[in-house]
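> Each chain is listed here by its residues.
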Amino acid sequence: MTDARFPSHPITPEESPIVSAPPRADCIADSAGGLTFDLDVPEGGREPQALVLLRRGGDDQADEVRLPLTPNGDGRLRAVLPSTVAMAEGRWDVHLDRGEEGGPQRLLPGLADLRSLVDRRPGPSTSPLAVRIPYATKHGNLSVRSWLRAPHAEAGDLTLSAEGITGRGTLHRVENPQEWLTDAVVEARSRRSAAVVRTAPVTAEGQEFTFTLAYAGLCADWKGGPEVWDLWLCRADGSAEARLARILDDVADKKQIFVYPGLPVSAPYAPAEVGPYYTADNDLAVRVDERPPVS
Amino acid sequence: MHISFLIHNAYGIGGTIRTTYNLAGTLAEQHDVEIVSVFRHREEPVFATPGKVRLRHLVDLRKDGPGYEGDHPEARRPATVFPATEGRYKQYSALTDRRIAEHLRSLDCDVVVGTRPGLNVHIAQQARRGPVRVGQEHLTLSTHSAPLKLTLRTHYPRLDAVTTVTEADAQTYRKLMRLPGVRVEAVPNSVPAPLVAPADGTGKWVVAAGRLAPAKRYDVLIRAFAKVVAERPDWRLRIYGAGVEKAKLRKLIDDLGLYNHVLLMGPANPLDPEWVKGSIGAVTSSLESFGMTIVEAMRCGLPVVSTDCPHGPGEIIDNGADGLLVPVGKTDAIAAGLLKLINDDELRKRMGRQALENAARFDPAQIAGRYERLFGELATRGTLRGSLHRTRGALLSSALRTTDAGRSALRRVRAA
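Protein chains in written order, with full-length UniProt numbering: chain A, 1 to 295; chain B, 1 to 416.
If we strip away everything but chain B, and leave its shape as in the complex, we get (with noise of 0.2 Å):
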C-alpha cells in the first residue's frame, strides 16, 4: 500500500509527531509512506525521521530561509476550509486551504491519514476520490469544545474511518457522532521497546514523568508521597519534566518539608534511561487522552500505579496483575497503593515483570499491524461501495447541518 500521512507539523515536538514517526517508520518496512507535514519551521525535525519514509513540507515557515512564506498575501487572510472551531484555526490561512487542496487532489496514494481534527475535515472535503480516508483522534472528543464537536459531525460523515487511542473514546464517538458506514476503531498509541536493560525492582524510588501541568495532578501525587514517606522514608520520589506548575509545586514540597524525598529533576529526553533508575512508576493525572507514560514505564518493567482517570488507564493497566488503579484526586488511596508496592519487594517485582510483558502490545509492530489490517480491509470495501457511501455521507451530513443548527447541546441528539 501507499500511505500518505498529514500532520499540522512534522519538524515539532509533541505526542502526535512523535507517535506518527513511530507508526509511520513501522509500516514503511513494508509500504510505500510519505508524511506530509503542513508547515515547515525548522531545517531538521526534532525527532528522527524514519529510514523509508518521505517527509515533505506544504508551507515553508523556516525563518531565514529563501523560501519563507510567512508573509505571502494568502497567509494573511483567514483559511476558510481549515475549521474556525479547532485549536489550530489562527495558523492556518487562505495559503494552508489552497496548499492542503492541491495537495489532497493530487493524492497518488492507496490511503490518507489525517492527525488531527482540522485536518481530517480537509481531508473530509477534499481528498480526490481513491484513496481510503482515516481520520485519527489523538485526544478525546469529550474534551474538544461543543463547536468543534459539531463541525466533526458536519464533515467526518464522508471519511471511511475515524481512529481513537482508546475503546472509550472509540464508544463516545459512537454515541455521540452519527457516522454511517464509517469505521470506528480504537488503536491505541505505540511505544517502542526501551533501549536500556529494564528495571530490576530494587531501586528505593518512585519515578513520574510528563508536563508539569495542572491536568497531571503532581500535586496530588506530592501529598500522596508526604503518607508515603512517613511509613517508609528510606523511598523517594523523582518527577521528570517542566512546566508551568513549577513554581507551585516547588512550594509544596517546601511546605511539606519534602525537600529530602521530592525531586523536580527536570526535562529528560529519553525517559527510558530515567524510568529504570526507579521500581515504581507514579501517574495521578485527572485525564489523560491516552497514557503513554503508563505505557512507556511498563516497557522498562515497572508496575505503574496510576488513577483510573478517564481515558487511557483503565485500558492500559490490568489492575493487581501488572500496576493498580486507584481513584482520582484521593491522596489516601494513591499512597495506599504505592505503599502496598514499596511494602512487598515480591509483589513489585512480579508486577514489574508482568508489565514488562504485558506493554509488548504496544510495541509499534503490533500497532502497525492493527492499522495494516484496517487500511486493507477499508481498501477492499471497493470503490463502488466507497463512493455510495460518501455520497450518502455528504447528504448526511447537510442535513445535520440544519438540524444541529437548531440545537443547543451535541449530548441532546440521539445517538445513530
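Okay, chain A solo, but in the shape it has when bound (with noise of 0.2 Å):
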C-alpha cells in the first residue's frame, strides 16, 4: 500500500547505508491518555538525553516538553508521557536531543499502538482532558496532535434527516453532568460575524446529550457562497461552554475518515447543500453552501 503512515523499520538497502538517517520511535497508548515511546539506541554520535516535544508554532518555554530516556530493560530507549504532563493544544513534533550542535534531531514515527485510545471512555474528574494522539505528519515525520479540554463534550452519531441534524454527545469533566445539561442548548455560531447565531434545545440523560438543529435556521439568512458554523454546547445561563469535537479516539484527523454527506435544503436565496464535518482541529462544524450542478 502507498502512502504508508506508519512504515515498519528504517530503510537501509544494503548497497547504500543511509549513515544518519533519523531514529524511529514505537509509541504505545494507554488508556488513561499517557503514551510510551521506545527507540533503538542510535549507532555513532553522542548519547541521547532526552525526547523532546515542541509545540508548532510556539515559542515559549511551555511550548516545550522534555522527557528523560531511560533503558527499557530490552535493549532499548523509553521516554514516558503521561497524561498528566501539561501541554497546550496543537500539533506537537517530536524529537530526540543529542547534546549535538544543530539541535534536536527529528523523529520517524516508528510502529504505533494505540488500540486502547480507540472508543475511548475517560473516567468522571473534573481536571482538564488531555488527549494525545501520535501520527505522520505529511513529511513522514512523528508528531503528536493535542487536545485539552474542560468541559469537553464528545460528538458522535449524527443522523441527517430532511429537517435538520441530530447529534448525540457526551459531556465529560464537569462535577455534576445532568445538572450542568438542564436546560443547556447547542449554539450554532456563524464564522461570518460572532453575533449570527442559532440555537438548538438539548435533551440530556446523565452525561449524554442529543439536539437537533434544523436546516431552516442554517440557510435563513444565507446568501450564496459557503458559510460555516462552528457548533457550541452551552450551559443554560451562560457559565460555561464546551467546543463540540471528536477527540476520544485513535483518529489524530477526522477531517477525511469522519465524512458525512451534504443534503438538499431549499434555502429562502436558493438551492443549498447543507452538511455536517469536522474541522482539521477534530471540531464539529457545518458548511451551508451552494449545490454542485446535478452531472
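One or more of the hints may lead you astray.
[To be verified] Derived coverage of chain B by chain A (criterion: at least 3 residues anywhere in the stretch with Cβ under 8 Å from a Cβ of chain A; other residues may be distant):
no., region
1, 127 to 134
2, 200 to 210
[Claimed, not checked] Derived BS3-like pairs (lysine-lysine); straight-line CA-CA distance at most 27 Å:
no., chain 1, residue 1, chain 2, residue 2
3, B, K227, B, K340
4, B, K246, B, K204
5, B, K204, B, K340
6, B, K227, B, K204
7, B, K349, A, K255
8, B, K340, A, K138
9, B, K330, B, K349
10, B, K248, A, K138
11, A, K255, A, K223
12, B, K340, B, K330
13, B, K204, B, K175
14, A, K255, B, K248
15, B, K63, B, K90
16, B, K251, B, K204
17, B, K90, B, K204
18, B, K349, B, K204
19, A, K255, B, K246
20, B, K246, A, K138
21, B, K330, B, K227
22, A, K255, B, K63
23, B, K90, B, K227
[Unchecked claim] Covered by chain B, according to a simulated footprint, are these stretches of chain A (three or more residues, beta-carbon under 8 Å):
no., region
24, 236 to 244
25, 255 to 262
Don't read these hints as lab results, they were simulated from the structure.
Glycine included, every Cβ here is placed at the ideal spot set by N, Cα and C.
Bring the two chains, given one by one in their own frames, into a single complex with the hints.
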C-alpha cells in the first residue's frame, strides 16, 4: 500500500547504507491518555539525552516538553509522557536531543499501538481532559496532536434527516453533568459574524445529550457561497461552554475519515446543500454551500 | 545452498516483492541468497532489504542518476525473449533481453527462482546448465490470458519446478499443463508474526483491508454490514486501503446511511496495529490468488469471515474452527457470519485464539523450510537426470508449440 502512515522499519539497503538516518520511535498509548515512546539506541554520535516535544508555532518555555530517556530493559531507550504533563492544544513535533550542535533531531514514526485509544471512555473527573494522538505528518515525521479541554463535549453519531442534523454527544469533566445539561443548548455560531447564532435545545440523560439543528435556521439568511457554523454546547445560564469535538479515539485527523453527505435544502435565497464535517482540529462544524450542478 | 531470485523490480511496492523479501530473508539465515532485480527505479527499496540478502539490479532506471539507461538505444527496441503475452511486456526491451540473458548464462548458484511468468520463461530458455530452475506463480493460472497460458505451456517443461501459492492452483497447473518431470508444488505465502500483541477480542470493530479494487467486493461487505448494523448498531466497520472504488464506496455508505458505522480509513502500513483494534476480520472478495490479508488478520488473533472464493480462503480458514467461510456475493450469508461472531463473545474469542495458533503455519520459518526441502530435493536429483529431463522438455516444448497453434482453446488439450 502506498503513502505509508507508519512504515515499519528503517530503509537500509545493503548497497547504500544511510549514515545518519533519523531514528524511529515506536509508540504505545494507554487508556488514561499517556504515551510511551521506545527507540533503538542510535549508532554513533553522542548519547541521546532526552525526547523533546516542541509545539508547532510556539516559542514559549511552555511549548517545550523534555522527557528523560531511560533503558527500557530490552536494550532500547524509553520515554514516557503521562497525561498529567501539561501540554497546550496543538501539534507537537517529536525530536531526539543528543546534545549535538544543530539542536535536536526530528524523529520518524515507528510502530504505533493505539488500540487503547479506540472508543476511549475517560473516567469521571473535573480536571481538564488531555488527549494525545501520535501521527505521521505529511512529510513522514513523528508528531503528537494534543487537545486539552474542560469541560469537553464529545460528538458521537450524527443523523441526517430532511429537516436537520440530529447529534448525540457526551459531556465530560464537569462536577454534575445532569445539572450542567439542564436547559443547556447547542449554539451554532456563524463564522461570518460572531453575532449570528442559532440555538437548538438539548435533551440530556446523565452525561449523554442529543440535539437537532434545523436546516431552516442555518439557511434563513444564507446568500450564496460557503457559510460555516461552529457548534458549541452552552450551559443555560451562559456560565460555561464546550466546543463540540470528536477526539476520544485513535484517529488524529477526522476530516477525511468521518465524512457525511451534504443534503439538498431549499433555502429561501437559492437551492443549497448542508452537511456536517470535522475541522482540521476535529471540531464539529456545519457547512451551507451552493448545490453542485447535477451531472 | 546458493539461491538467486529474479524479480521484476525489488525497489517498488507489492505483494510479490514483500513475499520475496520475507522468503529471501529467512532463507538467508542458512543460505547464501541474492535478489536480482531487473529494474531499479529508485535509490532505496521501499521495503527494508533483509540483512544478509544481497540485492542488485540489471537495468538502471533512476531518473536523475548518472547510470540512467532508460534512453539506451536497445531499451527502445521491443523484447523478443520476454514473452509478448505477459502483462509487463511493454516495460521489457532488447536491453532487458540481453541483460537477463547475460545474468542467467553466468549464474553461479544452486537454485534460480523466477517470480513472474515472463521471468520464468527467461529462466526456462536461458539459465545455464546446472542450477535448479524454479518458476513461482504468485497469481493463478486461471487468471492468465489464453495466449499467456500457451506461452507457459511452451516453456515451463524446461523448468525443474513450478510453485503456486495454493493447492487449488497447483491442481489447475497439473490439469491444464503438460509438465512431465516438472514438480508442481503449492507453497503458500509467508506472513511474519505481528510486532504488536494480538487482539483481545473485546473491540466492537470489524476490520477489512486491501486495495479498494472491484475484485475485493467491498460493496458487498458494506451492504452486508447494513444488515449487521440493523441488529447490532454498537458494532462498526473499518476498511483500510486506497483505490479506484473509493468514490463509489463512499456514495454507497452515504446512500445506506452508514456514515456512522462504516469508515474508509485510507491506507495504512503496517496493518498489524490496525487489525488488533478490531475483533473480527472480513474478506468478501470474488477472487483471491492467495488471501494474504486473511493470514495477516489471523496472525493478529482475529477470526476472519471470508467468502469461499477461488483460490486461497478455503485453504487458509478451517471453517467453523478458526473463522467462517461464506458464499461469494451473498450479503445475507456474510451478515449472518459476522453476526454469529458478534453475538457470541465466547465463540469469537475462542476462534480468535485458534486463528492465532493455526496461522503460525504461515510463519516465514515454516514456509522457508518447505522451499528449502523442495530446493534440496531438486538439487540432489542429480545433474544427469536434470539434463535428460530438460532435453525431453525441450523436445516436448517444440512438439507442443505446433500442436497448440492449431487449437483454439487450452482446455481442449488433454492433461498429461
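> Tell me, in ascending order, the numbers of any earlier hints that this structure violates.
1, 7, 8, 13, 17, 22, 23 and 24
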